[in-house]
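J.: Listed here are the chains, written in short residue letters.
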Amino acid sequence: MILEALEREGVEYIFGYPGGANLPIYQHLPEHPKLRHILVRHEQGAAHMADGFARASGKPGVVFATSGPGALNLITGLCTAYMDSVPMVAITGQVPSTVVGRDAFQESDVIGATSSVTKHSYLVTKIDQLPRVIHEAFHIATTGRPGPVLIDICRDVQQADAERVTPERLEIPGYRLNGHVDLGQARQAAEALAGAERPVILAGHGVLLSHAERELQDLAEAAAAPTGTTLLGIGAFPVQHPLSLHMTGFMGTGWNLNAVQNADVLMMVGMRVDDRVTAKLAGFAPRVKTFIHVDIDGSEMGKNVRPHIELVADARQALAAMLPYVGELDQGRAEWLNQIDAWREEHPLRYKRSNGRLQPQDVLIDMYRRARSEAIVVADVGQNQIWAALWWNYDRPGLFINSGGAGTMGFALPAAIGAKFARPDVPVWCVAGEGGFVMTAQELSVAVEHQLDVKIVLLNNFSLGMVRQFQDDFYGGVRSQVDLTHMPDFVKLAEAYGLPAIRVDRLEDVAAAFDAAERTRGPFLIDFRIDPEANVYPIVPIGKSLNDFWESPES
Amino acid sequence: MSEKIRVLSVLVMDTPNTLTKVSGAIRRRGFHVRGISVGPSQEAGRFRITLQVDHGHAEADQVRKQLERLVEVVEVEDLTEDQVHSRELVVATVATSELEGLLRHGAKVLASGPRGTTLEFSGEREEVGEFVDELNRHGIVDVVRTGPVVMRRTA
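Note that the protein sequences, when read in sequence, are chains A and B.
Letter 334 of the first sequence, counting from 1, is numbered 334 in my numbering, and no numbers are missing.
Letter 30 of the second sequence, counting from 1, is numbered 1030 in my numbering, and no numbers are missing.
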């Protein structure tokens, strides 16, 4: 009955792991060949695969896990999806309803443990609840501000027989969708933007989730407003567009940060305005007279920055509603745009390349030269993530996937596997540091089992690079517990899992390594041994304002 | 009462997880429950929670907005600035038969016996406070108090 309901919801892939409390589901799985079940090697891997699948396909990712430790292993993955508003439905087995609350074998309070990292959750103790619950779960996961929904199903319910009831119309009194755009506010926002002297637009993940890239570009061009994105909003606005400010936030580009800090009207679309975007909140965008905030989640209004004009609405509809009100611009933008160009010249992205070591940026630049805008990059967390964000020119949506809000190390490999299942037609590159990679490296087996064309670019600097950089720069230069010299030989590790791999220490070998990766069908790993002292720049020191960013000491 | 306290009337679905979700959302956002009353509403399957919440450093409307995000929550009304009927209930046992002062407040005797007299009293927070002060003068054997129930004045 569960599996039929999943078929009705259009599910193709399930990432899961069987165990004592979900055996009845697995017993019937072979009867449903339309549901492709991917056996993971750890439940966290299942959650990240479903997440990567959802981000790459736009469809909800589906996860199975058993009770107790199985379900609890999902928590990091649920949290990752929750923070980044990714649609997911996790179905966990629970001990039989007759023993719930008696500390049965592998019993844990999964609803209690996951409540703060799910959009909603259900404990199903009676079979007649099930069709409604599954239908509601998919509806809630995929609509409004998307997010993970968990369904905890007691084992006896999984075994129960019931009439196959097609759920009737959904009625969820506590679930409201903000679709409606207030035209008065849209007009006010458009006029503020058009009348600005120094406008800036920042776009977040919400623009991608509502497919509002076209509307964003139209509005930015009509208002001649320079436009940047958050880390999760990368792809919402073409990086090579003349109005592009590239990435904002405390590791954003110098010209972006200067623009934000000098703007008089700042419109923030589909974003949470979190601390990584604002740096020191009191010093954020100090010259702004009018903050405009567009977000589908009303609780984002004033959570961090109090907007003067707010539109609680879907980004696409809000931006489309604003466009006709932009009209003729009152004043020229030449001065402002020239100023931004000057900042772009003055503060280009640059990196150290004088010490003869392999620089991560060189690796990424070569990779981009090959892939152009034809590949999906799934990054892990840390320096590798920011390098991958800044050194590729993402000109289309959906090409850059990373764990922005939760910052989950170990995300990249399983998420890349999920993305490849979703988009078998598109090359998928996994960019990871060695620290994050070993956290979920067991999922290599999944890539090998299914001969997935996932190319792994390991940026191996023998340390927890981002933490090391923070310790060097902001914590008295004390390098504490960041040394990762004792790691496996990654070429042998790959071979042990059954995929080919090569090691690269020198710039002149980078191209040949990528050639080999591209020639190989199926997964491939390149262990790039990069400069262990390579850093991420620009960076805003902890506790400082955006305009206090540091740049690379040499170029 | 500090100005950081919001008074909210929250209509919720009657599910086993509702109270956990409501209190969890409040805790997670750094807010603090200062008073709570829960009881059935006029609609079947829906309960009414009256909450007094300290919203700390967050903006005042964040409590309402965060509660509105919960699927278990049907409706949230912020009554902080409104004209309201607000009632708290106290039941107390005092070791005295000198009840005149207490009865003058409007208390009702529930039972009396050799070990004391049990009374109930309801009123606004300040009135309940004054009543408890009066009880203290008589020597309290036992006392229980509820959080407030609050309704917007319509008439």
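Hints were generated in silico from the structure; no laboratory data involved.
From a predicted model like this one, the values you see are computed outputs, not experimental measurements.
Careful, some of the hints might be misleading.
[Stated by the list, open to error] Listed next, the stretches of chain A that the computed footprint assigns to chain B, with coverage defined by at least 3 CB atoms under 8 Å from CB atoms of chain B:
id, stretch
1, 108-117
2, 120-129
3, 287-299
[Claimed, not checked] Per the computed footprint, the stretches of chain B lying under chain A, defined by three or more beta-carbons under 8 Å from a beta-carbon of chain A, are:
id, stretch
4, 1093-1099
5, 1146-1154
Think of the CB as a built atom: it goes at the ideal place given N, C-alpha and C, for glycine as much as any other residue.
J.: None of the hints should be skipped; say for each whether it holds.
T.: Taking the hints in turn, this is what the structure says about them:
Under the rule that three or more residues need a Cβ within less than 8 Å of chain B, the assignment of the stretch 108-117 of chain A holds, with 4 such residues. Note: the stretch 120-129 of chain A has 3 residues with beta-carbon separation from chain B under 8 Å; the three-residue rule is met and the coverage holds. With 3 residues having a beta carbon nearer than 8 Å to a beta carbon of chain B, the stretch 287-299 of chain A meets the requirement of three or more and the stated coverage holds. Counting residues of the stretch 1093-1099 of chain B whose beta carbon lies closer than 8 Å to any beta carbon of chain A gives 0, which falls short of the minimum of three for the stated coverage.
Given a C-beta distance limit of less than 8 Å, the hint that chain A covers the stretch 1146-1154 of chain B is violated, as 0 residues qualify and 3 are needed.
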